[in-house]
Structure formats: C-alpha cells, structure tokens
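**Student:** Protein chains in written order, with numbering that gives the first Met the number 0: chain U, 0 to 270; chain F, 0 to 294.
For the record, the hints were derived by calculation from the structure and aren't laboratory data. Note that the Cβ used here is the ideal one computed from N, Cα and C, for glycine as well. Take the hints with a grain of salt, since some may be wrong.
Said to hold, decoys possible - Which stretches of chain F does chain U cover? Using the computed rule of at least three CB atoms under 8 Å from a CB of chain U, they are:
#, region
1, 26 to 36
2, 56 to 70
3, 76 to 90
4, 202 to 213
Claimed, not checked - Under the rule of at most 27 Å between Cα atoms (straight-line distance), these lysine-lysine pairs were calculated in the DSSO-like manner:
#, chain 1, residue 1, chain 2, residue 2
5, F, K194, F, K217
6, U, K4, U, K98
7, U, K4, F, K194
8, F, K38, F, K194
9, F, K104, F, K216
10, F, K217, U, K4
11, F, K217, U, K98
12, U, K4, U, K93
13, U, K96, U, K4
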Amino acid sequence: MIKIKLRFIVVYLILTLLALAFLIPFIWLVVESFSPLNNIGFTIPSTFTLAPFEHVLTNSTFIRSIYMGLIQSLGATFLSIIFAVGPAYVFSRKSFKFKTTLLLGVLLLTGFPVFSLLVPTFIFFIDTGLYNTVIGVILFLGVLNLPIDIWIMKNSFDQIPKSIERASIVDGAGTLKSLIYIFIPLSLPIMAVLIILNFVINWGNFYVPFILLSSSHLLPISVRIYSFFGAFSVRYNELAALSIIYTIPAVVLYIFAQKYMIKALSGGIKG
Amino acid sequence: MLKAAKKKFNMQNLIYLVFIPTFIYLGIFFLYPIYLSIKYSFTNISLTDIGNYTYLGFLNYHNLFTSGTFINSIYTTVIFLVVSAIIGQMFLGIVVAYLLSVTQKYFRLIITSIILVAWATPQVTAGIMWYSTLSYIPSGTVNVFLGYFGIHSINFLSTHLALMSIIIANVWLGLGFSVLIFSSGISGISPSIMKASRIDGANPFTRFFRIVIPLLKKSIITDLLLITLFTLGAFTLVYVMTGGGPVNSTNIMTIYQYRTGFSLFSLGLANAIGVIIIVLALAISILYLISLRGD
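Sequences and hints are given; from them, build the entire structure.
**Tutor:** Next comes the structure, spelled out in structure tokens:
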C-alpha cells in the first residue's frame with residue numbers, strides 16, 4: 000500500500016514539474032509586458048506599469064495590423080467554409096464512383112507541406128497581380144485550410160444520424176427541405192467550432208502574409224510583431240505587450256475548440 | 000412513370016455540381032502551384048527577373064545533391080524530425096498521457112491545459128518568447144535561474160547548442176497535440192483490461208509496454224504521421240528563433256528553401272528544394288496508408 004502511494008506521489012511530482020517547465024517561456028513575456036524597463040533578458044522590475052499596453056494600443060500602426068490580421072483571417076475562414084460545406088455534405092451522404100479516391104486526395108492535401116508552395120505561389124501572384132494584395136493572401140490562406148475543413152466536416156456530418164433526415168423525407172419533406180430544416184440546424188455547432196479553428200489557424204499564420212505581402216500598411220499583426228522584433232532598436236516591453244494582445248484570443252479560442260477537432264480528425268475514410 | 004423517374008434521377012445528380020467550384024478553387028490555388036513548383040524547379044528563374052528563365056533539365060537537383068550546404072540541411076532536418084517529433088513529441092506524449100490517465104480529474108485538467116496553452120500559442124510569439132528565455136547576453140530566464148544555482152551562463156543559441164534549443168522549443172510547442180491524441184486513445188482502452196493486468200501482477204512498466212503501447216497502435220500511427228508532417232513543414236518558430244543560424248546549424252530544409260529563394264534570389268533552385276520536401280512528405284504519407292492497411 001505504501002509502495003503504491005509513493006508511486007502516485009512520484010507521478011504527481013513529475014507532471015507538476017513538467018507543467019512548471021512549460022510555463023517558463025511565458026515568464027519573460029508577462030513580466031516584460033508590465034515592465035518600465037526595456038530588456039530582452041530577464042529582470043524583475045521594481046515597479047510594474049501598464050504603459051507598454053497603452054503605447055501599443057494607441058499606436059496606429061499596431062491597430063492597423065490588428066485590423067489587417069482580422070480581415071485576412073476572417074476572409075480566408077469564410078472562403079474555406081463556403082467551399083468545404085458542399086463537398087463535405089456529398090461525401091458524407093452519397094456514395095458514388097471514385098469516392099474513396101477523391102477522399103484519399105483530400106487527405107493527402109490535408110497533410111501537404113504547404114510552406115514549400117510559397118515560392119511558386121509568389122511567382123504566380125506576381126504574374127497575375129495578386130502579389131501584395133489582401134485578396135491574394137485571403138485566397139491562398141483560404142485554400143490551405145480547405146482540405147482539412149472538408150475532412151473534418153465530412154467526419155462530423157457522418158455523426159449526424161441519417162435516420163432523422165430519412166424520417167423527414169418520409170413525412171413529405173423534399174431533399175432540399177430536409178437539408179434546410181433538419182441538417183443545417185444540426186450541423187451548426189460543428190460549423191461554429193470549425194469557424195473558430197480556421198480563424199485561429201489563419202490568425203497564427205506568419206509565412207503566408209510574410210512572403211505574399213510587401214507594403215507595410217497591409218501587414219497583419221503576425222508579420223508586424225516579427226518586423227518589430229527584428230528592428231534596429233526594439234522596445235521589448237511593447238513587443239511583449241503586443242505579443243500578449245496577439246496571443247490571448249488565439250489561445251482562448253483554440254482551447255475552446257480543440258477538444259472537438261481531435262475527435263473529428265481521427266474519423267475514418269469509409270462510410 | 001419513366002419520365003418522373005428520370006427527372007428524379009437528374010435532380011439527384013445535380014447535387015454533384017457542388018464539387019465544381021471547390022475543384023476550381025483547389026485547382027487554381029493549390030494544384031496549380033504544385034505544378035508550377037515542379038516546372039520552375041527545372042529552370043534558372045530568378046527573383047531579379049521573373050519573366051526571363053531558361054530550362055536547365057535536372058541541373059538544379061544535381062547541384063543540390065552535390066552541395067554540402069544542402070546535404071547538411073537534410074541532415075539537420077532528419078535530426079530535427081527524429082529527436083523533436085518521434086522522441087520528443089510522440090514518445091514523451093504517450094508517457095505524459097499515460098501518467099495523466101492515473102491522476103485525479105482536476106489535476107489532469109490543469110496539467111493538460113498548461114500543455115495545451117503552449118500548443119495554442121502562435122508560432123511568432125513562441126519564437127520570440129523562446130529567444131528571450133534562452134538569451135545569453137543579457138541573461139534570459141533560464142540563465143538567470145541557472146545563476147541562482149551558481150551555474151555559469153550557457154549560450155543556448157550558439158552553433159553547438161542552437162539545434163538542441165530549437166528542438167526543445169518545438170517539443171514544447173507540439174507536445175499538446177500528441178498528449179490530446181494519446182489521452183483520447185487511452186480513454187478508449189477498456190478498464191477491465193487494465194484491471195486484469197493488475198490482478199495478474201503486471202508492474203506499471205510491463206503494463207505500459209505490453210498493454211498500453213500495443214493497444215494504442217492506431218493512435219501512434221496517426222500521431223506519427225501528423226507530427227512528422229508538421230515538423231517537416233515547420234518554419235516560423237525556427238525562423239524567428241535563429242533564422243537558420245548560427246553558421247547554418249539550424250538550417251532545416253524549409254529555411255534553406257526560403258533563404259535560397261529570397262536571400263539568394265534563386266527561385267528555380269528554391270522550387271527544386273520545395274519539390275524534394277513535397278516528395279518526402281508524400282513518401283511519409285504513403286507509408287502511413289500502407290501501415291494502416293496492414294490492420
């Protein structure tokens with residue numbers, strides 16, 4: 000009995016230490032963002048201040064980058080969801096020739112190393128005038144999430160029982176009516192989670208706008224933070240404050256939506 | 000009767016039209032860039048003059064595989080993949096998920112949340128945080144803590160240690176994903192199996208290696224595929240922390256591709272690197288599909 004208790008204490012101890020280690024990188028970010036000092040290293044200041052946050056939130060460049068981040072993330076989210084919902088519905092509800100092949104194709108694109116496509120897309124966008132435009136970034140960010148959205152949506156639709164739809168059709172509703180009154184309301188929670196996930200992924204994306212944009216006034220907050228970090232003389236406390244403003248919505252939304260994603264990701268290709 | 004049936008048949012088929020806009024969108028902005036990257040990988044297209052290029056055949060590929068920098072980049076990527084993805088995230092992920100499964104509910108929730116916050120942190124922020132945390136001059140958090148114990152400061156981002164540092168940062172970032180996958184896998188193992196093994200006198204280590212790991216096979220393959228692909232495509236965290244340096248010590252393939260295209264202006268060569276990354280990713284995905292079919 001004592002041996003078992005000791006074993007449990009060790010487990011709790013290991014996990015607690017691991018969690019504490021996971022918090023270490025956040026220490027500088029939080030302390031520095033409330034610090035009057037300006038230091039990339041770690042020092043505990045004698046006083047704390049809200050000035051870094053005030054400076055960041057009254058700086059029109061930063062406000063604009065938040066606005067740009069929102070437009071680009073939301074625009075891309077809208078495109079991915081709109082283009083994913085139809086195919087996901089058909090994949091889930093119909094059986095047809097080449098279905099498995101098409102699903103395998105979608106799955107392969109889901110795991111595609113998209114970073115390697117930035118170079119050809121850069122050339123393509125310069126040729127077509129989409130380079131350095133917000134719409135170009137939205138179009139490319141949107142297409143990147145499309146395969147995984149089709150995949151997650153199809154798996155989620157699979158979990159909506161077909162019998163409910165069938166019952167409504169027997170009761171005299173057409174396919175379209177059953178779609179509007181039965182299927183769409185039942186799939187709204189899935190949509191909400193997917194919209195959140197897409198937004199967070201786009202909000203966190205750095206390399207797409209970094210490579211496809213050049214004008215300073217178009218840069219979203221992810222790229223703005225990086226160029227602020229790489230500038231000649233950096234006010235690190237403001238950098239930390241801006242990073243916190245950038246990070247908190249992503250973390251809160253992600254944790255909220257995460258649980259659902261794992262369940263949908265691990266669905267099967269059959270059915 | 001026949002007419003009505005035919006009409007119904009046509010109406011039923013109309014629904015397949017929803018594929019068309021999606022295929023056009025995917026075709027233009029996903030598949031066409033894949034085609035372009037293959038096409039340009041055989042040219043000498045340069046950032047200075049995108050309109051003018053000539054075909055070189057396999058010269059770019061030949062130059063890559065005879066270049067010490069590229070071979071070094073592959074080597075760095077493999078170490079990064081094996082240590083960070085397979086050992087750091089997958090193996091540690093199973094261990095942590097297993098340990099968490101025997102702890103009390105609220106404790107488990109708190110620890111999981113902390114690990115998940117790291118996973119949810121945008122990579123730009125993570126890169127800046129880790130850069131500061133490991134800073135040498137002035138001392139970052141880790142070196143300040145080491146100082147409390149009387150240990151000399153360590154230059155974590157030096158040529159010798161930078162690769163280890165980006166591996167640690169990447170494990171920190173990615174562990175949450177594996178823990179989530181394995182936690183849901185472990186919760187699917189029937190408690191009666193665990194109980195039976197306990198009655199049979201299996202110690203926790205035997206139980207872990209003989210029961211938990213074999214039963215998690217499907218989770219392990221899924222996790223392995225996804226984190227290998229994530230890690231192969233990783234860019235932002237490493238780029239922010241080290242930019243591939245010092246002296247190419249963290250020059251993973253994505254960073255090498257970026258630098259070749261946008262610092263050295265050799266877009267043709269950069270496309271060839273991209274194609275090699277794509278082929279590697281496809282090979283990994285196909286291995287995954289084959290190993291799942293074996294079940």
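**Student:** Honestly, which of those hints from before does the structure not fit?
**Tutor:** 2, 3, 4, 6, 8, 10, 12, 13
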